[in-house]
Amino acid sequence: MKPLDSKKDYQDYVDKKSPNSPILKNCFNAFWVGGLICTIGQVIMNIAKSRGLSQDICGTIVSIILIAISAFLTGLNIFNKIGKFAGAGSLIPITGFANSIVSPSMEYKSEGYVMGVGGKMFTVAGPVLVFGISTSIIVGLIYLIFNTQNITLV
Amino acid sequence: MDWLQNINFIELIKCFITGGLICVIGQILIDKTKLTPARILVIFVTTGTILGGLGIYKYLVDFAGAGATVPLTGFGYNLAKGAIKGVQEYGLIGAFTGGVTASAGGISAAIFFGYIASLISKPKMKKE
Numbered sequence: 008m009k010p011l012d013s014k015k016d017y018q019d020y021v022d023k024k025s026p027n028s029p030i031l032k033n034c035f036n037a038f039w040v041g042g043l044i045c046t047i048g049q050v051i052m053n054i055a056k057s058r059g060l061s062q063d064i065c066g067t068i069v070s071i072i073l074i075a076i077s078a079f080l081t082g083l084n085i086f087n088k089i090g091k092f093a094g095a096g097s098l099i100p101i102t103g104f105a106n107s108i109v110s111p112s113m114e115y116k117s118e119g120y121v122m123g124v125g126g127k128m129f130t131v132a133g134p135v136l137v138f139g140i141s142t143s144i145i146v147g148l149i150y151l152i153f154n155t156q157n158i159t160l161v
Numbered sequence: 006m007d008w009l010q011n012i013n014f015i016e017l018i019k020c021f022i023t024g025g026l027i028c029v030i031g032q033i034l035i036d037k038t039k040l041t042p043a044r045i046l047v048i049f050v051t052t053g054t055i056l057g058g059l060g061i062y063k064y065l066v067d068f069a070g071a072g073a074t075v076p077l078t079g080f081g082y083n084l085a086k087g088a089i090k091g092v093q094e095y096g097l098i099g100a101f102t103g104g105v106t107a108s109a110g111g112i113s114a115a116i117f118f119g120y121i122a123s124l125i126s127k128p129k130m131k132k133e
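For the record, the sequence lines run as chains L and B.
For the first sequence, the numbering used here assigns the number 8 to the initial residue and increments by one for each residue that follows.
For the second sequence, the numbering used here assigns the number 6 to the initial residue and increments by one for each residue that follows.
The following block holds chain B by itself, in its conformation from the complex (with noise of 0.2 Å):
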């Protein structure tokens, strides 16, 4: 149980809170406004490129780790970084290469995994 060690109570409330309130903002958008949920799931991976491509968001994420790098917006960051990144490495390409190499296992494992879930799910009876 060493990893058991490594927890740091801090941190976990300081995730659970800047986590649970990006949450909050994406349900006021849903009760206020009449988005549907794939407009605030873009939404929120947009504005999380564009604040880690202005250097913003890395203060979240230095604030709070995974309860700014799991919600979508983390996802957006991730992208932003990897771009940059790649620029500084390979110039031009690195601008196409780097985002998505960033989030290559977040991409692959969601097609992978929901294809598999998919095939063994049984569809859903409409009467509920």
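If we strip away everything but chain L, and leave its shape as in the complex, we get (with noise of 0.2 Å):
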């Protein structure tokens, strides 16, 4: 077998080796258990919206709601099943933010609950909060400037 040079060639190599991922299967998978887990979402915020409750408040307790079930349901072994089969289909919806929490506090229980549950929380989960607070302070600073919305929308 003649060397592999370049670092295309190796990959080329790898992609005729690896078998391929069974990517419309896995979008499949993904899609109805996304959809579930919003429409599970949306049953909730209707029941908290018959009870007369404002449309903030009710996002809020469907997070919660959502957050606490995906939370313990992480701390039983089972949402690690659900996501082997459903990919992105609970990774992108927040029951995935709740899991990032979860499953590197209990990885590293054996350090102590301080430092190893309390510390090894935010290893996934830090990154995104990040992220995300930092952009809508921009996006708040943005907004102070021109003081319109019609004026960033480009």
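Simulated from the structure, these hints should not be mistaken for laboratory data.
Some but not every residue of chain B turned toward chain L, in silico, with C-beta under 8 Å:
1) V75
2) L77
3) A85
4) A100
5) G103
Covered stretches of chain B (chain L as the covering partner; in silico rule of three or more C-beta atoms under 8 Å from a C-beta of chain L):
6) 17-27
7) 35-49
8) 55-63
9) 87-98
10) 109-117
When the alpha-carbon atoms are kept at most 30 Å apart in a straight line, the in silico DSS-like pairs for lysine-lysine are as follows:
11) B:K127 with L:K88
12) B:K19 with B:K63
13) L:K56 with B:K63
14) B:K39 with L:K91
15) B:K37 with L:K32
16) L:K56 with B:K19
17) L:K91 with B:K19
18) B:K63 with B:K37
19) L:K23 with B:K39
20) B:K127 with L:K116
21) L:K127 with B:K37
22) B:K37 with L:K91
23) L:K32 with L:K15
24) B:K90 with L:K56
25) L:K127 with B:K39
26) B:K37 with L:K88
27) B:K37 with L:K14
28) B:K19 with L:K32
29) L:K15 with B:K39
30) L:K116 with L:K88
31) L:K14 with B:K39
32) L:K23 with B:K37
33) L:K88 with B:K19
34) B:K39 with L:K32
35) L:K15 with B:K37
It should be emphasised that the depicted structure is a prediction, and the values quoted were computed from it without experimental measurement.
Heads up, the beta-carbon is just placed ideally off N, CA and C, and yes, glycines get one too.
Grab the two chains, each in its own frame, and use the hints to assemble them into the complex.
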């Protein structure tokens, strides 16, 4: 076998040898699991609305309930099985955010309850909060400068 | 069972399809690129914040309801919406307080339930 000179040759070789991931099947599973999680959220929102709560509070209630459910399912090792099956279908909804907090802190439990569980909680969720909150501050500052959304809309 | 009368099936189908399609975008990013899940979460939140700031994501939320707010792009949209509302109410300070105020419920719930769930969980054995 002749040696693989460039990086591209190597990549072609790897692509040829590695099994094709069934992308259509993955997308289908992600579609219906993700859609189902959002639909559960919508049902919770409708129930909260029928109690006469405001739109913002309803959204917060939906997030809190979905986060609590997925945190405990992760603790019971059930969420990992759903995640293996659904891929992005359980990662992209807010359930994936809760899962990304619980799974590293479970893994580092042996390092103690403060630096292990408390510290490793944010290995994945930390960057999400850093970039999300920073971007929102920039959005606020830009809005303050132009004071209208029509100008920022290119 | 009076809450059943509040359910609009067309609304649920719009929510299901929109939420599903957002997840399919994430699945394509996982399968076709070498991005780690952490980076994909960051990309989704940042995209949601930018689209929310430009005022585009609002139309998707009006169309799909929870189908647009439950995915992480909706978390970003909530941050941007809060920052803009904060600026309208308090000026410069609002840009720093508004975003986290709007999503405080989700962040606190994630920290609180996340900590309790990891306390009660058994550490996973590495055999499987």
